[in-house]
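Using the hints, position chain P against chain W.
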Amino acid sequence: MAITLSSKYVEAADLEAAVELCYERKWTDGLPVVPPTAPAIERILAYLKRAPRSVIAVVPPRNGVATVEKIAINCVMAGCKPEYVPIVIAALEAAMEPEFNLAGVQTTTNPCAPLVMVSGPAVRKLGFNTKDCAIGHGSRANGAIGRALRLILWNIGGGYPGEPCRTTHGHPGYWSYCIAEDEETCPWDPMQVSLGFDRTDTVVTVVAVDGPHATNTGALLNPPEQVMTVIADGVARLGTNNMLGGSMALILSPMSAKRLAEGGYTRESLAEAVVARATRPAGQLRQHRFVDHMLPPVRARLDALGDNEPFAYFDDPRKIPILVTGSWGAVGGYAAICPGWGHFGGHPQSRRVQFPQ
Amino acid sequence: MSIKIYDPVGEVGPLATIAPSGLDVLEGGRVGYVFNHHPAAEAVWQSLEANIAKSLRPLSLVRIDKDNVAISVPKPELDHLAAQADYVLVGVGA
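Chains W and P are the protein sequences, given in the same order. In terms of the working numbering, the first sequence opens at residue 14 and continues consecutively. In terms of the working numbering, the second sequence opens at residue 176 and continues consecutively.
Honestly, I wouldn't trust all of these hints.
What the hints assert, rightly or not - Taking lysine to aspartate or glutamate and the DMTMM-like style, the derived pairs with C-alpha atoms no more than 20 Å apart in a straight line are:
1) Lys-39(W) - Asp-182(P)
2) Lys-179(P) - Asp-305(W)
3) Lys-179(P) - Asp-27(W)
4) Lys-250(P) - Glu-110(W)
5) Lys-241(P) - Glu-112(W)
6) Lys-241(P) - Glu-29(W)
7) Lys-179(P) - Glu-110(W)
Unchecked claim - Far from chain W, by Cβ distances over 10 Å, these chain P residues were calculated:
8) Val-187
9) Asp-199
10) Ala-245
Think of the hints as simulated: they come from the structure by calculation, not from any bench. Nothing here was measured: the structure is a model prediction, and the numbers come from that model. From the three backbone atoms N, C-alpha and C, an ideal C-beta is built for every residue, glycine too.
This is chain W alone, in the form it adopts within the complex:
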């Protein structure tokens, strides 16, 4: 099938000039990009077998139209293999759900960026890193898929820092923020099953969160309840939007997950335990004027408590996605706590990835 690209093109003298041209045109978020040439774009479109002009989303705040072709161009720039692109599309579709409030995520002063969580058979097939440095550098699949979503939010959605993206600090995950579950070491049913999908499905969950706060759970020596106590303490910090409720992400190392499972925790009961145990004395919170941002019913719940009574940060365990990934570690065990944006949005949304037949 012949593919005709409808996007405009510009010419550059050579590869170096092409990269520089992308900078000049503000087509990149600051890191170099792979120049999107016709053969590379067409390879993706041929793999997808979808009409290049079909519209996947209208991306806020610029309301740019994300056609399959425009997505393919951005995926080339991010370094995606064609088989990564269905995951990018699923992530974008998930981020377009009203509860995610992408317009807000793109513009808020809070440092929340879409975290792409992948689970299912494609994790191994596409070579995601789920071992050492699973949230960090070192893997093409993690890096390119996260970056592709960012470039779409940048080029199509217009999420440029300053105007209209007003995030005070942002964080390195704004460039690329994609992780995958390590089914091999996960002590529970894989994440996609816990979300109600089939084990054979590859599922993407997006949630808008801060950078990961490394948390030493001491899981090698600590009993499960102490591991839980450490996690709950990390969640219930003053100064994150967790205090407003909403959503967050919890990333467990295999050691931390194993220890919690030994204590009888399931993925679901662990999220419930975070809701129940991530608390702070109500009096401490009332001294922090950020509580003025609470939704009225949450503020009423806080104000009904005595100073020493515990105030629970969250009220909905379904908004706390939990994923197991990373290497075994040493004594630390580790968990990564990713605070969310509060009640404002960025809440977890999941999509089954549709690979072409």
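Here is chain P on its own, set in the frame of chain W:
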């Protein structure tokens, strides 16, 4: 040989457009308020409302008070408000 690189920027989607119209007189009109109740803007908004009440003496007043600063008001609610007002003041604290 030159390299052709393709534009990654999407076209801007169609936006609802409303023909601009002007108001000759603000006094005695039907006023609408949409306010997001951002804590940083509460004081100035209260002052604004008080001054409008004093100086423009609205005929009627309709309002939408948001409890979540980051979530848009559903369009049907905005349409309903707009139908009952000659002009609407929108307060977005951030």
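Taking the hints in turn, this is what the structure says about them:
1. Lys-39(W) - Asp-182(P): holds, 11 Å
2. Lys-179(P) - Asp-305(W): Given that 20 Å is the threshold and the Cα spacing comes to 53 Å, the pair is violated.
3. Lys-179(P) - Asp-27(W): Holds, at roughly 9 Å.
4. Lys-250(P) - Glu-110(W): Holds, at about 16 Å.
5. Lys-241(P) - Glu-112(W): Distance ~16 Å between Lys-241(P) and Glu-112(W) Cα, so the pair holds.
6. Lys-241(P) - Glu-29(W): Violated: Lys-241(P) and Glu-29(W) sit about 50 Å apart, past 20 Å.
7. Lys-179(P) - Glu-110(W): violated, 35 Å
8. Val-187: violated, 6 Å
9. Asp-199: holds, 33 Å
10. Ala-245: Per Cβ check, Ala-245(P) is inside 10 Å of chain W; nearest 4 Å; violated.
Checked against the numbered hints given earlier, the structure breaks hints 2, 6, 7, 8, 10 and satisfies all the rest.
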